[in-house]
Amino acid sequence: METTINLQVLRYIPEKDPDPFYQEYEVPLREEWVILDALNYIKDQIDGTLSYRWSCRMGVCGSCGMMVNEKPILTCETFLEKYMPGPIRIAPLNYFGVIRDLVVETDGFMEKVKRVKPWIIRDKEKAPLEGEYLQTPEELSEYKQYSMCINCMLCYSACPVVGLEPQFIGPAAIALAQRYNYDNRDEGQNQRNDVLLTDDGIFECTLVGECSEVCPKKVDPAGAIQRYKVQGATEWWTSVLLPFGKK
Amino acid sequence: MSTRYERYRPTSYHHKMSIFWWVKRKPYMLFIIRELTSIFVAAYAIILIVKLNALKQGAEVWEALLVSLSGPFSVTVHIVVFIFVLFHSITWFKLAPTAMVVKIGKKKIPGSIIIAVNFMMWILLSGGIVWILLQ
Amino acid sequence: MARYGPNVHDVLIVGGGGAGLRAAIAVAETNPNLSIAVISKVYPMRSHTVSAEGGAAAVIKPDDSLDDHAYDTISGGDWLCDQDAVEAFVKEAPEAMIRLEHWGCPWSREENGSIAVRPFGGMKNKRTWFAADKTGFHMLHSMFQTTLKYDPILRYDEYFVTSLLVDEGRCQGVVALELATGKIEPIAAKSVILCTGGCGKVFPFTTNANIKTGDGMALAYRAGVPLKDMEFVQYHPTGLPFTGILITEAARAEGGRLLNKDGYRYLQDYDLGIPEDKPVLRSMELGPRDRLSQAFENEKEKGRTLDGPYGAYVHLDIRHLGQEVIDEKIPFVRELCRKYENIDPVHEMIPVRPVVHYIMGGIHTDINGATSLDGLFAAGETACVSINGANRLGSNSLTELLVFGARAGSAAAEYASSQSSFGTRLDALATDEKKRIEKTFFNSNGNRSERVADLRKKMHNAMEQGAGIYRTEASLKTSGETLSVLRERFKKISLEDKSYTFNTEFVSAMELSYMFDVAEAIIESALKRTESRGSHQRMDFPERDDQNFLTHSLAYKTGQEIARIEYLPVTITRWPPGERKYGQ
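Chains as they are written, first to last, in my numbering: chain A, 1 to 247; chain B, 248 to 382; chain C, 383 to 966.
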């Protein structure tokens, strides 16, 4: 007899049932299987109606984030064995609207990403023929960590502030803003401040710190936000104390 | 067929957040405790203001306040407040590296050192105050 | 921007990966007044460009030259590349890469702040730009974020294209299903660019993501556009067993060694040079991918590979590089090994085997991405220009996205500007398509019992057995017959899921039908090419045959089961066919 493990998967099909429920599946427990393999097994062998997103299954496309036993994780890089002897409870990411089963609404997050102007802003752009902007390895390391975000949205699901205040721009988008603010090629921080030094922006954060804990790429959005706060507060004090100073 | 569902207009489901969301996981619980301890930090601040006010009003008022503060109730309150403030300070110092990126030359200083420096400064300052008081 | 009303645009781009986004920006820059739409079955940043690791080639250093890049590409492609396309490609590559730098791509740098380059397989000189070993990830995200600043670029995220709208002999848009709602509707455009990536998922063991099912190839093929050089499927020599996760060529470029079960650097037995301590360009582990994957198969025949639960494998050894180099240059390799193999390559050897990675073939286009159907363009892995010939040079594909994505974008923009009206039958065509889909997948009843997963598994087996690294007439014919049977069975496909809301079973069924078309083109093209060249190795025809096969094969969809194959001569400009020499 093959060992199996019990999966309790949240099901929600709006045409059928107005309320979600947990459906149980028994899947083989194989040491090389990640949670996503178990979901694919269900989809292919047991129940073709289960819906979820996945693609690269190497932890870089950011599609397959889910709540597993109340914690947001990437299902393609978390092994079944870790949850022995089960059961494993799988639900869609917290604080996002559920479209169907494990599929959540992503458009709100995409809007937030766009709001922080995540592109290089410069007063004067160089023509391609003039060559690259110089950037030393040190300058690169200033923002590199924040550029590693895969938009998997786990940090939003770990952040109770996102749950309580849905308009909060949120960890990943703020880290992305910092990714450009700390890039020496960029001159757009003032424009981003207009979006982020606001009530929906960095000051909504109460530093729970879980966003950084769950981040699969060690982006440390909590750090990015706190550094922004320090900087924002410093600028505010400077502008109050030195009203005739620069900026 | 669900009554809410209309073809091509699916109703997405929104989970309601329970007011006890923070009991589900330990990190959230610790966070809430840390946030609550700020009330005690505020209590300390108020006591300090009361003391300063008493000091301003002269030796007599000051002495009376000291007497009233040395009762068993007041000492108990102080001990409780002190424990919470200690908890608050320790958790804050542990968080310091998230807000501070310090570099020496090209190398980033690891978070543990930043935490250690914060604690050392704390101990030194506290020691300094104790020394002044004992003079 | 919706000057024509909703769902009507000037240029419609199918696919939001590297090529699609680059094309979108090119359209916006060519003519800011055009309405541009990017339609994709996943959010753009999920596209498979994100998984590319090693780097992107472009001549930037003084000791390199455009001719060297062209020669490496052409010899790497076993002389099946169109040399005019290659010349245009290498010439435009550096500027394309610098533009990406200006858009914020975090390229790895030299101490002085200029771009750093690394060596790669099959190259005379170092010319691979890299962002550590997450180059594709950084390129895709930089480009996606940059597209956000262009207002004319609209997105249809998570829409699945079911067919092209062709009226009056021109492609004028697509019919697509919105995943969240199940709504099927026409999206019209004066020109359409297919940027849907490759089709690695026709094989069971691949580095490719789940979404790479050859959608665009099948859409074009069904509309009568030929697929070119489909027999050329690249196996990457170093994938992790079971998962097929790619261990980048950069691991070898930094000095990684391939060892057989005796700890012997077996590549020296296959005309790839003599082993040295330091990596030598165009030699040993830095030989071309096709030759390295073939060497593995031969080692396996000789019984000199190791055996694991997922078949034969060899070792990739990077231990001697030391932790500092590994963490600096190839940190993702370490991350992947730790997460998925539970080994630390700083201390242990990495088990690897060849894995399907890339298809050189694709939709036949000219040098501007135009196909034989007016109004239809293609770029990226889904297209075949061709610069990749019979075997793609590592790190050319990311650059190809930029150069030919931009070319297709400007060409499609110009074409759209030249068109003034839409055909009259578009709505009728869309209604027919909607009925077909409803009937086949949602309202079907009666004698239907076939499951997507079963048929897909059988197709995988047929493709692996028949069209793997080494092929014969017999193996290809058997696989072709199996495919015919499977296609017949697919007519009785039955979905358990009849919901209109995010029905992924429907998507899998459509993808499977696309893959059948692509698989058919691969098998037929491979069967008819009775020579061995680059990645196409026929055991019954082991020699290259320039007399008869210095040609591209073009697979046309016919009314029948089997594709019709025609041939088109290769364009040779300055590099006459020669011997591929490595290791000297």
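Keep in mind that the hints were calculated from the coordinates and are not lab data. Because the structure is a prediction, the values reported are computed rather than measured. Quick reminder that beta carbons are idealized off the backbone N, C-alpha and C, glycines included. Hints may contain errors.
Using 27 Å as the maximum straight-line C-alpha spacing, the simulated DSSO-like pairs for lysine-lysine come out as follows [as the list claims (entries may be wrong)]:
1) B/K350 with A/K217
2) A/K217 with B/K298
3) A/K144 with C/K721
4) A/K16 with C/K874
5) A/K124 with C/K565
6) A/K114 with A/K16
7) B/K263 with A/K16
8) A/K71 with B/K353
9) A/K126 with C/K660
10) B/K273 with A/K218
11) C/K660 with C/K963
12) A/K144 with B/K354
13) C/K963 with C/K508
14) C/K643 with C/K684
15) C/K660 with B/K355
16) B/K303 with A/K218
17) A/K217 with C/K840
18) A/K217 with C/K531
19) B/K355 with A/K71
20) A/K229 with B/K303
21) C/K531 with C/K508
22) C/K963 with A/K126
Quick look at which bits of chain C chain A covers, simulated, 3 or more residues with Cβ under 8 Å [to be verified]:
23) 655-666
24) 732-746
25) 749-762
26) 870-882
Cβ pair distances, simulated, as ranges [stated by the list, open to error]:
27) A/F203 with B/I326: 32 to 38 Å
28) B/A290 with A/D19: 43 to 49 Å
29) A/P166 with B/L316: 42 to 48 Å
30) C/E948 with A/D123: 51 to 57 Å
31) A/W236 with B/Y255: 35 to 41 Å
32) B/I376 with A/L134: 20 to 26 Å
33) B/K263 with C/E832: 18 to 24 Å
34) A/E111 with B/R254: 23 to 29 Å
Outcome for the supplied range 20 to 26 Å, where the beta carbon pair is B/I376 and A/L134: Given about 50 Å between the Cβ atoms, the range is violated.
B/K263 paired with C/E832, Cβ distance criterion 18 to 24 Å: violated (42 Å)
Satisfaction of hint between C/K508 and C/K963, Cα-Cα up to 27 Å: Holds, because 18 Å separates the two Cα atoms, which is no more than 27 Å.
Hint consistency between A/K229 and B/K303 [alpha-carbon to alpha-carbon, up to 27 Å]: The hint is violated at about 37 Å.
Restraint check for A/K124 with C/K565, where alpha carbons must lie at most 27 Å apart: Distance of about 45 Å is beyond 27 Å: violated.
Agreement of A/K16 and C/K874 with the hint, judged by alpha carbon distance not exceeding 27 Å: holds (26 Å)
Coverage criterion applied to the stretch 732-746 of chain C (partner chain A; beta-carbon cut 8 Å; 3 residues): As far as the stretch 732-746 of chain C goes, the hint is violated, because 0 residues have Cβ atoms under 8 Å from chain A.
Agreement of A/K144 and B/K354 with the hint, judged by alpha carbon distance not exceeding 27 Å: Holds - the C-alpha atoms of B/K354 and A/K144 are around 14 Å apart, at most 27 Å.
27 Å limit on alpha-carbon distance, applied to hinted pair A/K114 and A/K16: violated (35 Å)
Residues of the stretch 749-762 of chain C with Cβ under 8 Å from chain A, three needed, outcome: Answer violated; 0 residues pass the 8 Å Cβ test.
27 Å limit on alpha-carbon distance, applied to hinted pair A/K217 and B/K298: violated (50 Å)
Given coverage of the stretch 870-882 of chain C by chain A, checked by CB-CB distance under 8 Å (3 or more): It holds: at least three residues are needed, and the stretch 870-882 of chain C offers 5 whose Cβ sits within less than 8 Å of chain A.
Hints 2, 5, 6, 8, 9, 15, 16, 17, 19, 20, 21, 22, 23, 24, 25, 31, 32 and 33 from the list above are not met by this structure, while the remaining hints are.
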